[in-house]
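Number of protein chains: 2
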Amino acid sequence: MQMKFMRLAVKEALFGVIHEHGGPFGAVIVKKNKVIARAHNTVLKDNDATCHAEVNVVRKASKKLKTFDLKGCEIYTTCEPCPMCFSAMHWANIKRVYYGATLADAKKAGFNELDISAKEMKMYGKSKVELKEKVLCEECLIPFGVFKKRKGKKY
Amino acid sequence: MQMKFMRLAVKEALFGVIHEHGGPFGAVIVKKNKVIARAHNTVLKDNDATCHAEVNVVRKASKKLKTFDLKGCEIYTTCEPCPMCFSAMHWANIKRVYYGATLADAKKAGFNELDISAKEMKMYGKSKVELKEKVLCEECLIPFGVFKKRKGKKY
Numbered sequence: 001m002q003m004k005f006m007r008l009a010v011k012e013a014l015f016g017v018i019h020e021h022g023g024p025f026g027a028v029i030v031k032k033n034k035v036i037a038r039a040h041n042t043v044l045k046d047n048d049a050t051c052h053a054e055v056n057v058v059r060k061a062s063k064k065l066k067t068f069d070l071k072g073c074e075i076y077t078t079c080e081p082c083p084m085c086f087s088a089m090h091w092a093n094i095k096r097v098y099y100g101a102t103l104a105d106a107k108k109a110g111f112n113e114l115d116i117s118a119k120e121m122k123m124y125g126k127s128k129v130e131l132k133e134k135v136l137c138e139e140c141l142i143p144f145g146v147f148k149k150r151k152g153k154k155y
Numbered sequence: 001m002q003m004k005f006m007r008l009a010v011k012e013a014l015f016g017v018i019h020e021h022g023g024p025f026g027a028v029i030v031k032k033n034k035v036i037a038r039a040h041n042t043v044l045k046d047n048d049a050t051c052h053a054e055v056n057v058v059r060k061a062s063k064k065l066k067t068f069d070l071k072g073c074e075i076y077t078t079c080e081p082c083p084m085c086f087s088a089m090h091w092a093n094i095k096r097v098y099y100g101a102t103l104a105d106a107k108k109a110g111f112n113e114l115d116i117s118a119k120e121m122k123m124y125g126k127s128k129v130e131l132k133e134k135v136l137c138e139e140c141l142i143p144f145g146v147f148k149k150r151k152g153k154k155y
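Line by line, the protein sequences are chains A and B.
Under my numbering, the first sequence is numbered contiguously, ending at residue 155.
Under my numbering, the second sequence is numbered contiguously, ending at residue 155.
Bound-form chain A, shown alone (with noise of 0.2 Å):
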């Protein structure tokens, strides 16, 4: 773990708030020690309810390494992967993913989480992907409090 990608992470998510009015979430694939990808929410700029951003870097990351096979890569995000991010990680063969900010923190900032924590996917799905969560918690806090200033917000 380098806690340079999750800074690179935190910038992604506050690109996509301050520039794009998206929702407060950055993610970055990592392979050997090297970015292979990073992306960050565009649900509203994309009007695509899958934009999610760690759907969005596993996009660009198998686009790059012209495969859907991403073994031996790690995703670094600001937030808990809800359960189509945790899914889409899974079938992408992710070996492990580090995230700071919780889905509890997504749901106080308005978004409509489904109510599964990525431990209950991984249990309940028997998945190998690997979770280490509480990664740079209060950085990863730092595009939700832009978030949760703006005016006329939508999700």
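The set of hints was computed from the structure by calculation and includes no laboratory data.
None of the values given here were measured: they were computed from a predicted structure.
There's no promise every hint is true.
The list cannot tell twin chains apart, which means a pair is met if one copy fits it or any two copies do.
[Said to hold, decoys possible] Here are the computed lysine-lysine pairs in the PhoX-like style, where the Cα-Cα straight-line distance is at most 25 Å: (1) LYS11 with LYS31; (2) LYS63 with LYS31; (3) LYS45 with LYS64; (4) LYS45 with LYS63; (5) LYS108 with LYS122; (6) LYS60 with LYS45.
Given chain A, work out where chain B should sit, using these hints.
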């Protein structure tokens, strides 16, 4: 519910299996009895693990309707949605999903399914997406039959 929409989803699945050597899954989005979008699984064709039929059809319908909010829309899908696809439907505010084959059928065909049914996703996640199972089961299994007979399959 109209059977013709599920038959269109089966046709999509067959197209993917026969012409693109892809997974045996198809889906159609309908609003007010009008087809908005149709899609099949393109994981192999697009080198992208998120390209399940249901995610693809949500993306297509959103593009067509120019909104991430697909309220009032229904999905007909040949197979029970996996947790990624169920969650994508939740985020897109899909009203109802009709499905034929089950995740057990997909598992039997060799897919590395997460062990969580659509009903469990709805129950655990407290989602409003309505589920209607066992719609044209036999016809929805036909693409699986074609898939199973193919040599050199990839998953």
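Hint-by-hint comparison with the structure:
no.	hint	in the structure
1	LYS11 with LYS31	within (19 Å within a copy, 39 Å between copies)
2	LYS63 with LYS31	within (14 Å within a copy, 32 Å between copies)
3	LYS45 with LYS64	both (22 Å within a copy, 15 Å between copies)
4	LYS45 with LYS63	both (20 Å within a copy, 12 Å between copies)
5	LYS108 with LYS122	both (23 Å within a copy, 21 Å between copies)
6	LYS60 with LYS45	both (16 Å within a copy, 15 Å between copies)
Hint check: no violations occur; every hint is consistent with the structure.
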